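K.L.:
Which chain is which? The protein sequence lines are A and B, in order. Just so you know, the first sequence maps onto residues 221 to 700 in the working numbering. Just so you know, the second sequence maps onto residues 8 to 233 in the working numbering.
Read the hints as simulated data drawn from the structure, not as lab findings. If you're wondering where the values come from, they're calculated on a predicted model, not measured in any experiment. Possibly wrong hints are sitting among the right ones.
Only part of the chain A face toward chain B is listed, based on derived beta-carbon distances under 10 Å [claimed, not checked]:
(1) M287
(2) P406
(3) T521
Result set (EDC-like, lysine to aspartate or glutamate): computed pairs, CA atoms no more than 16 Å apart in a straight line [as the list claims (entries may be wrong)]:
(4) A:K420 / B:E129
(5) A:K420 / B:E211
(6) B:K216 / A:E407
(7) A:K598 / A:E528
(8) A:K261 / B:E211
(9) A:K425 / A:D372
(10) A:K614 / A:E574
Glycine included, C-beta positions come from ideal geometry on N, C-alpha and C.
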Amino acid sequence: MSGSALDPKTAPVFPIAARTAMKDGQLRRNVRHATDVIQAKRARVVAEMPDWQELREAGKQIRQHTMENLDFYLEEFEANCTRAGGVVHWARDAAEARQIIVGLVKASGSDEVIKIKSMTTEEIQLNSALEAAGIHPYETDLAELIIQLGHDQPSHIVVPALHKNRQQIREIFQREMNLPKLGERPEDLADAARIFLREKFLRVKTGVSGANFLIAETGGVCIVESEGNGRMCLTLPETLIAVAGIDKVVPRFADLEVLFQLLPRSATGERMNPYNSIWTGVNAADGPRAFHVVLMDNARTEILADAEGRQTLNCIRCGACQNACPVYRQTGGHAYGSVYAGPIGAILTPQLQEMHHAQSLPYASSLCGACYEVCPVKINIPEVLIHLRNKVVKQNGPLNVEAFAMKMMGMIFLSEHRFRAAQRMGRMAEAPLVRRDEKGEGWIGWLPGMLGGWTKVRDLQEMPQETFRDWWKKRGTHGS
Amino acid sequence: MGVDTGAAPLGSARAEILQRIRAATGGVSNTEVARAGWTRLPREYRRAATREREAVLELLEDRLRDYDANVVRTGRDRVSAIVAKMLSERGKTRMVVPPGIPNEWLPVVVEFVVDEGLSAAELDRFDGVMTGSTMAIAQTGTVILQSVPGQGRRAVTLVPDYQLCVVCEEDVVETVPEAMARLQETAELPTTFFSGPSATADIEMTRIKGVHGPRYLDVVLVGSGI
Ligand code: SF4
Numbered sequence: 221m222s223g224s225a226l227d228p229k230t231a232p233v234f235p236i237a238a239r240t241a242m243k244d245g246q247l248r249r250n251v252r253h254a255t256d257v258i259q260a261k262r263a264r265v266v267a268e269m270p271d272w273q274e275l276r277e278a279g280k281q282i283r284q285h286t287m288e289n290l291d292f293y294l295e296e297f298e299a300n301c302t303r304a305g306g307v308v309h310w311a312r313d314a315a316e317a318r319q320i321i322v323g324l325v326k327a328s329g330s331d332e333v334i335k336i337k338s339m340t341t342e343e344i345q346l347n348s349a350l351e352a353a354g355i356h357p358y359e360t361d362l363a364e365l366i367i368q369l370g371h372d373q374p375s376h377i378v379v380p381a382l383h384k385n386r387q388q389i390r391e392i393f394q395r396e397m398n399l400p401k402l403g404e405r406p407e408d409l410a411d412a413a414r415i416f417l418r419e420k421f422l423r424v425k426t427g428v429s430g431a432n433f434l435i436a437e438t439g440g441v442c443i444v445e446s447e448g449n450g451r452m453c454l455t456l457p458e459t460l461i462a463v464a465g466i467d468k469v470v471p472r473f474a475d476l477e478v479l480f481q482l483l484p485r486s487a488t489g490e491r492m493n494p495y496n497s498i499w500t501g502v503n504a505a506d507g508p509r510a511f512h513v514v515l516m517d518n519a520r521t522e523i524l525a526d527a528e529g530r531q532t533l534n535c536i537r538c539g540a541c542q543n544a545c546p547v548y549r550q551t552g553g554h555a556y557g558s559v560y561a562g563p564i565g566a567i568l569t570p571q572l573q574e575m576h577h578a579q580s581l582p583y584a585s586s587l588c589g590a591c592y593e594v595c596p597v598k599i600n601i602p603e604v605l606i607h608l609r610n611k612v613v614k615q616n617g618p619l620n621v622e623a624f625a626m627k628m629m630g631m632i633f634l635s636e637h638r639f640r641a642a643q644r645m646g647r648m649a650e651a652p653l654v655r656r657d658e659k660g661e662g663w664i665g666w667l668p669g670m671l672g673g674w675t676k677v678r679d680l681q682e683m684p685q686e687t688f689r690d691w692w693k694k695r696g697t698h699g700s
Numbered sequence: 008m009g010v011d012t013g014a015a016p017l018g019s020a021r022a023e024i025l026q027r028i029r030a031a032t033g034g035v036s037n038t039e040v041a042r043a044g045w046t047r048l049p050r051e052y053r054r055a056a057t058r059e060r061e062a063v064l065e066l067l068e069d070r071l072r073d074y075d076a077n078v079v080r081t082g083r084d085r086v087s088a089i090v091a092k093m094l095s096e097r098g099k100t101r102m103v104v105p106p107g108i109p110n111e112w113l114p115v116v117v118e119f120v121v122d123e124g125l126s127a128a129e130l131d132r133f134d135g136v137m138t139g140s141t142m143a144i145a146q147t148g149t150v151i152l153q154s155v156p157g158q159g160r161r162a163v164t165l166v167p168d169y170q171l172c173v174v175c176e177e178d179v180v181e182t183v184p185e186a187m188a189r190l191q192e193t194a195e196l197p198t199t200f201f202s203g204p205s206a207t208a209d210i211e212m213t214r215i216k217g218v219h220g221p222r223y224l225d226v227v228l229v230g231s232g233i
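Can you make the complete structure from the sequences, with help from the hints?
P.N.:
Dropping the structure here:
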């Protein structure tokens, strides 16, 4: 993997990227191990809850209600956050969000920032924008640090480095932290990160974070995490800048009673995240002196406008659907070409791109429904996938290869004569392309022209030498 | 990627986003509509305790231990003696405490320094921190701290490697909804929930204690009786 950010505009389409990922046995073992462990933990702590289904229903309805009244809750959040001494900014898209954040960091007088893990900052490729402006971002979440030092990309929304095992992490730390004697126990690695980052926590004056929840009623912001790096970034710097999608708002403080139960159990199989932090604006005696919130649209209003796609915005980014997805478990996250991988990525990414990019993602699913079952806010991902597939076909119009091929097939199937002729022609045309495997079976790995799309991502078996009809006719004549 | 300069003037972003939302949802939402809709949301999950009082306290102890915390129960008049014992077992001699911590909790054999706005680097040089707490949630093994006397600034309970926390039995609730209801009045204070010491599972999903926050946690659960 290169160090450049995952960008749906330039990433290879899912089927191509997945094919490469499938060849990486180590990656697949690492992903499988991690998702197995989280799934087992999740199942255990969810089974503890007799009211789990009632919580899911409440979670779904809170999110739905928020989306229906999003303008009101955002304005309410803004008013309360401002009253408490915070400064609220609005950004229509990623470029505007980057511009605001870079400007705020410069105004804080820092040329470095400490960062809390945030998929939203990944979404807008903030780190490269900061670097281009001469500002050094330090990732402080252990997984994000592994990604940053390894010039890698996140592959899971909750555990971004789950595709790396301890030996691989050790090699990265040895090289990047200059620690040739570093041990390989997980404790040794965590200790190295602690020492490496503590100096930054105590020194750097500006922090950048995402947000898990924005509380409209109080203007408060909530971040959940486990390592304490979040608390460090929220508490120690003089300036704190949080960037959040407009979908992150929740109506009232009390609604956290539902989300605090659904999120940790679904995400990491914990009964509660080791740390939850809630703060409102600035407090003279505690925490940063300047606090900014950047509310970002970046195509979320497009999704809101689509009645069937809208439920995508209910997502609380727990990652449970990724762990449950048989496709994700085989390919890992990078194949999705976006920071949002797995089932949620398959529906969110194309919509965030306003359906201009990542059009193969709605097809990156077996529609088995496992994602729907585990989703704590009951997002019907298979339903949205099918809706998006329809959109893709419609958007590409009748002239796209697939629609054209289907039309041709329809025409051929309508007449027996045409069908037989097509079969004969096919056998003749394929002859030079067929390669025999060790069992003597014929395979086609490459088709010319527009048909190449099919063989780019899968092998095609050669047509049988004798059709069923021919065999049946022969059988009739020879009486065998 | 450079800083984009081609973006539209910033002032109009707010109006434009709100306008897009209203176009998407079919109109302006107001206080009345939002409040009425919120009140109708279904809340059939558990919102109250189902256990006897003693069972709630035992559950808290159990869940805290499950998260690698060390828990001791004691009576009101025994706090400083227990604190002295725990600190000596851990070899801690110089502790930071927030202003407003009850004096009777502090044993005389240990040096306690009151935080009067110490720098992060200064906090880093203490053996540990000792505080009270606002509340604890039994079901999840969670302790809640707020920026008030006796609990202090968030940085104070974060930078030192060891934390000793006193929880009073009357502040223990069983469920998350009970805790949020009690916090409603002080919802705007800086608030921290912690469940066990700092932990990560980022390396092969192995739970490792302590990355950046305190690695060691002791809880003294103080009875309401003697
Ligand atoms: S779609 Fe549901 S399961 Fe997937 S990350 Fe979002 S909330 Fe979690």
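K.L.:
For the pair supplied as a hint, K420 of chain A and E129 of chain B, is the alpha-carbon distance within the 16 Å limit?
P.N.:
holds (15 Å)
K.L.:
Holds or violated: are the alpha carbons of K614 of chain A and E574 of chain A at most 16 Å from each other?
P.N.:
holds (14 Å)
K.L.:
Using Cβ atoms only, decide whether P406 of chain A comes closer than 10 Å to chain B, and label the hint accordingly.
P.N.:
holds (4 Å)
K.L.:
Given the hinted pair K425 of chain A and D372 of chain A, is their alpha-carbon gap at most 16 Å?
P.N.:
Not OK: K425 of chain A and D372 of chain A at ~26 Å, beyond 16 Å, violated.
K.L.:
Is the straight-line distance between the alpha-carbon of K598 of chain A and that of E528 of chain A 16 Å or less?
P.N.:
Holds, at about 14 Å.
K.L.:
Hint validation: T521 of chain A versus chain B, beta carbon distance must be below 10 Å. Holds or violated?
P.N.:
Holds, because the Cβ-Cβ distance from T521 of chain A to chain B comes to roughly 4 Å (cut-off 10 Å).
K.L.:
Straight-line Cα separation of K420 of chain A and E211 of chain B no greater than 16 Å?
P.N.:
violated (25 Å)
K.L.:
If you take the shortest Cβ to Cβ gap from M287 of chain A to chain B, is it below 10 Å?
P.N.:
Nearest chain B Cβ about 7 Å off; hint holds.
K.L.:
Is the straight-line distance between the alpha-carbon of K261 of chain A and that of E211 of chain B 16 Å or less?
P.N.:
holds (14 Å)
K.L.:
Keeping to a limit of 16 Å between CA atoms, is the pair of K216 of chain B and E407 of chain A held or broken?
P.N.:
holds (8 Å)
Of the numbered hints listed earlier, those contradicted by the structure are 5, 9.
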